[in-house]
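Novice: Keeping their order, the protein sequence lines are chains A and B.
Be aware that the first sequence starts at 1, since it is given in my numbering, and climbs by one per residue.
Be aware that the second sequence starts at 1, since it is given in my numbering, and climbs by one per residue.
Just to be clear, a hint being listed does not mean it is correct.
[Said to hold, decoys possible] Covered stretches of chain B, as calculated for chain A (at least 3 residues, CB under 8 Å):
id: 1; stretch: 80 to 92
id: 2; stretch: 130 to 142
id: 3; stretch: 157 to 164
id: 4; stretch: 190 to 203
id: 5; stretch: 269 to 278
id: 6; stretch: 310 to 316
id: 7; stretch: 319 to 326
For the record, the hints were derived by calculation from the structure and aren't laboratory data.
Predicted, not measured: the structure shown is a model, and the values here were computed from it.
Don't be surprised by glycine CBs; every beta carbon is placed ideally from N, CA and C.
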Amino acid sequence: MVRFRSGLFGLAAGALLMMASPTAVLAQDYSEAPALSALVAAGDLPPVDERLPANPRVLEPVDSVGVYGGTWRTGARESAETWTLRTVGYDHMVHWLPDWSGVVPNIAESVEANDDATVYTFTLRDGMRWSDGEPFDVDDILFAYEVFQHEDLADFPAYLRTGDGPGVIERVDDHTFTITFPVPNAGLLTGMAQVTTAIGGDALTLYPEHYMRQFHADHNADNLDELIADAGVSTWQELFTLRTDLWLNGGKPTLNAWIVTTPFGEGTRVIAERNPYYWKVDSAGNQLPYIDRVVFEVVQDPEVLLLKAIAGEIDMTASHINTVENRAVLFDNMERGNYDFFEVTPSDANLATYSFNQAHRDPVLREILQNRDFRAALSHAIDRQEIIDLVFIGQGTPAQTAVLPGFPELYNEQLATQYLEYDVDRANEMLDAAGFADRDADGHRLGPDGNPIRLSVLTRSDKQFMVDTTEMVVGYWQDVGIDARMDVVERSLVRQRKNANEHDVIIEDFPGGNFDAYLRPTPWVPIHHNAAYGIPWFYWWQGNEGAEEPPAHVVRQLELWDRMNATVDQDQRAELMREMLQIAADSFYTIGVVVPLSNYGIVSNRMHNVPDRIEGSYWFAPPGPTNPPTYYFVDGTNDG
Amino acid sequence: MLARYILKRLLYMVPTLIAISVVAFAIVQLPPGDFLDTYIATLEAEGGDIGSEEVEALRRRYALDQPILVQYWNWISGIVFRGDFGWSFQYQRPVADILWGRVGLTFVISLASMILVYVVAFPIGVYSAIRKYSLGDYVFTFFGFLGLAIPNFMLALVLMYVALTVFGQSVGGLFSPEYADAPWSWGKLVDLLAHLWIPVIIIGTASTAGLIRVMRANLLDELNKPYVETARAKGVGERTLLLRYPVRLALNPFISQVGWELPALVSGAAITSIVLNLPTTGPVLLIALRSQDMYLAGSFIMILSVLTVIGTLLSDLLLVWLDPRIRYG
């Protein structure tokens, strides 16, 4: 099997071809779960050979080939939930490789792209079926395309859009389609591999045409009004949205390994049962998944899950309860709950990044905040180790906001380590030299207008560690004569003020320490509304209101970012990113404080094939890419 | 006479409810930002986010870009003309689905706690009044105030921990895992009762103390009135006397309280329910308000207000029936 270092982009220019691993298993060798065999014997289900596609995806288990049976008990919250999507829901057109080195075809048998990333050709698996036994083919993709184009229904996902309009999807034959973009779109496949609640890496395979058409006004003229009334909604658009969400609609056919049979809202649990038409097998030809069903305990307060975990009623989770505070109690109860930890590697570029508004409305503050030496001095004024010891219980490393050393292709030492040491004398010297030597009677340094420099540090109230960190940082800055105050407000108010460019300094945490630097390099280039050091610059790049042309070096960075997104060749992409990051290092937009040590999840001692270490980035959608259908219980039962 | 009174009260309810609907909607709009801001903030809390094009698309889809008056009209006209309470952004389904599905268990828990409260508070209140400053009065008062003083969520956590460590009982929710999705059976009922005592005690303790005090104070006011002396002088037995005259009068505040109990039955005890993970309505209101899920929160407040108005009417009618002074006053 060919593995590409960064998926599609691992190959040099030329016709790019991605292949699924060849089927090493002959059709007659396939076997299935005992419960399904019984259904086949009773004539209620076609034999396994007929249920699987001609070329099923073959997964190599991490530890060993498993046995069928058992219930995966875990937890979920009622709204804005992603753990469900990352465990049961992660079956997209392409997947991240388990080590996050790139993407691999999943639902698609193969994906080809042309040289300039404008035309992609997807080939689907012949004979693949939805969970109700209906064929899955290009009709389903075209139906999704129709949905995106309908103005009242879901919009095109971001990865299908470009600055010059969305991609065009066309049928080649029943199992092949192309997506054609007006301008190069090198981010298509990495976009599809991601999971979020809104963007949806699974957008193309979300609409089983044979089922969803009954809820679409253009396709059902018979009983749509009845369906609308039965569902208690007022428009067909609402009905369509409601029926699309498989987590609310147990009747919807799916391509996932488990079918949601008890959806959200029908009790305190969400239950998903084995999909008899699942289209993956293990290396020995056993149809996956091994585990019979997944049960999510739906909770309002994660403390309930913590108690359940201690009591041994949670088989595997890396969400909700795997916090720094819970680590000790979960560790103490390992034996009693019969579970162990696995490592979840964070990709946070920093947990506490202070962005200084360089496009401030007030010209005096703007001049001060744009002064690089001023920012560098304030960085030296922070005792990071003390913050780590007190706020993060020692679980962190002092660092600026940067790509982590663990991702060498984009690691920039200057960006990660400059102005890092705690040195109050040096901070004072730098501030004196930068023109802020004069002080008022209270010892506060004066700005160029003769007034004391006063900074408000906007801090969101929902993350306690940010409040605690800012409280200390504000103290350090007071010590060097800067009148910094903490302003703790509700998180959506932080967003509002930031969007309106009404902030001085904001604390944020940022991803981007790993492969996600290619996806969201927000702390280093203003391509996102969280780039609080230059919100008007971001608006300028977007062409929005409130824009202001950024300085030349930022314009250059934005050019590099745009070029990177139109470039297919991985070496060139990395080169463009490195140049962009170097400019960020020289500009020093933000002050970072700490990157976390490892995070953790818990897994029952009876559950196997869960890797010892999983990438923890939100963009990686852990543990989805590590193939939950291959997880299994010893002897096929939870207890024993 | 009475019919006219009721009709008049019903007519008064119309402008009251219109005013309430405006206020309910306005309250939900008061915090800065809208649902999408909270939604994005939630995504960001997990390290994710959402592009600004998506935000704009969602804003259009949820009609959040419309003027507030248009939003209000869409909402209230749906309720009045179609019985449609609107769409919950957060749960991505109709508001009615979320609310009505939870009302049943909320009623069970609230009713059970209410009965417990009355059964405990009534006799203790009477006892404390007639044996004022006795040892029993002090003991009951002490425990009553203890129940009032300990925060519900704290008590909930302690009881859950005790249930898990001492009794080995599965905590959180109303059923053990094996019964959660099973059809109703004797075993399931027993399992429900085994779980029900925790929330019932917790929700009950706080209001018990309050009611004991109310009952005690009311009764003390009545006990020294001349009519009690008169009845006693005429040789009425102590027990009969107590129950027939002063207790009846002391009951009035109990009855007035029905007006507030009705909405309380539906809103449940939010914090306790969250800690205990009960599928009741209280937590939904809290979550909806926090996330600015405006149609859900607005509809919830609206329903509670309607119930309060109806409850007040009911308690007034009960008082009319119970107390001749009001009837003829």
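Novice: Need the list of violated hint numbers for this structure, in ascending order.
Specialist: Per hint list: 2, 4, 6 and 7 violated.
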